[in-house]
Amino acid sequence: MAAFFDWITSEPLATVVALAFGYALGSIPFGLVLTRLAGLGDIRAIGSGNIGATNVLRTGNKPLAVATLLGDALKGTLAVIIAAQAAPASAALAGLGAFLGHLFPVWLSFRGGKGVATYLGVVIGLLFPAALVFAGVWLTVAFVFRYSSLAALCATVAVPVACLLFGRADAALVTALMSALAWNAHRPNIMRLLKGEESRIGAKAASADRPGS
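Each residue of the sequence shown is one higher than the one before, counting from 4 in my numbering.
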């Protein structure tokens with residue numbers, strides 16, 4: 004952790020470049036771009052208005068939703084990997100930048116997705132074993148409780164802990180910040196979970212705002 008902060012303080016320009024580079028990649032709105040290319044109009048006018056894969060799925064085009072999911076994840080992974088080639092200490096910052104870019108893309112008036120796919124993509128690039136923890140927690144919670152949003156929230160809590168256990172304090176710090184942002188983005192889902200109104204996996208949504216987009 005000390006080495007991580009030493010690098011940030013000693014390389015302020017490189018820190019800004021890493022964040023900006025990650026943000027630029029993360030701000031690519033794959034859901035919006037792909038649906039428009041497919042002739043499906045503006046995804047923001049459908050369902051929850053979100054640009055993520057869950058809302059793309061509402062168009063009825065499953066391959067397009069999968070492509071959006073992969074694109075949103077890969078932009079996080081690529082930001083980390085490319086930045087690591089330039090300066091290993093910058094990888095975590097680039098990942099954070101990518102996550103911020105997805106949540107708050109400047110091209111869309113800072114209204115992006117909820118970031119679950121990009122979060123996982125960043126973790127894959129930073130520390131693959133922690134990504135396996137994410138997947139394991141998500142699958143377990145989703146199987147037991149049938150709530151995609153709850154599974155995502157629990158997984159984002161597990162990842163920073165896993166990073167610490169694997170000896171990556173820098174990744175733990177960055178993923179903890181990302182987790183806090185992800186929880187904030189899921190506030191409507193959290194309220195519905197507390198009220199017992201959240202849609203379960205496999206059920207027809209009663210609400211337009213679905214989890215994990």
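What the hints contain is simulated information worked out from the structure, not anything from laboratory work.
Yeah, the Cβ is synthetic: ideal placement off N, Cα and C, and Gly gets one too.
Careful: at least some of the hints might be erroneous.
What the hints assert, rightly or not - The calculated label-pair distances, taken between Cβ atoms and stated as ranges, are:
| no. | residue 1 | residue 2 | range |
| --- | --- | --- | --- |
| 1 | Phe8 | Ile84 | 19 to 27 Å |
| 2 | Ala172 | Ala41 | 37 to 45 Å |
| 3 | Asp9 | Trp110 | 39 to 47 Å |
| 4 | Phe146 | Gly199 | 15 to 23 Å |
Hints, one by one, checked against the model:
For phenylalanine 8 paired with isoleucine 84, a C-beta distance near 22 Å keeps the hint of 19 to 27 Å intact. Against the hinted window of 37 to 45 Å, the Cβ-Cβ separation of alanine 172 and alanine 41 comes to about 43 Å, which satisfies the hint. The hinted range of 39 to 47 Å is not satisfied by aspartate 9 and tryptophan 110, whose Cβ atoms lie roughly 34 Å apart. Take phenylalanine 146 and glycine 199: their Cβ atoms lie about 19 Å apart, and the range 15 to 23 Å holds.
Going down the numbered hints, you'll see the structure goes against just number 3.
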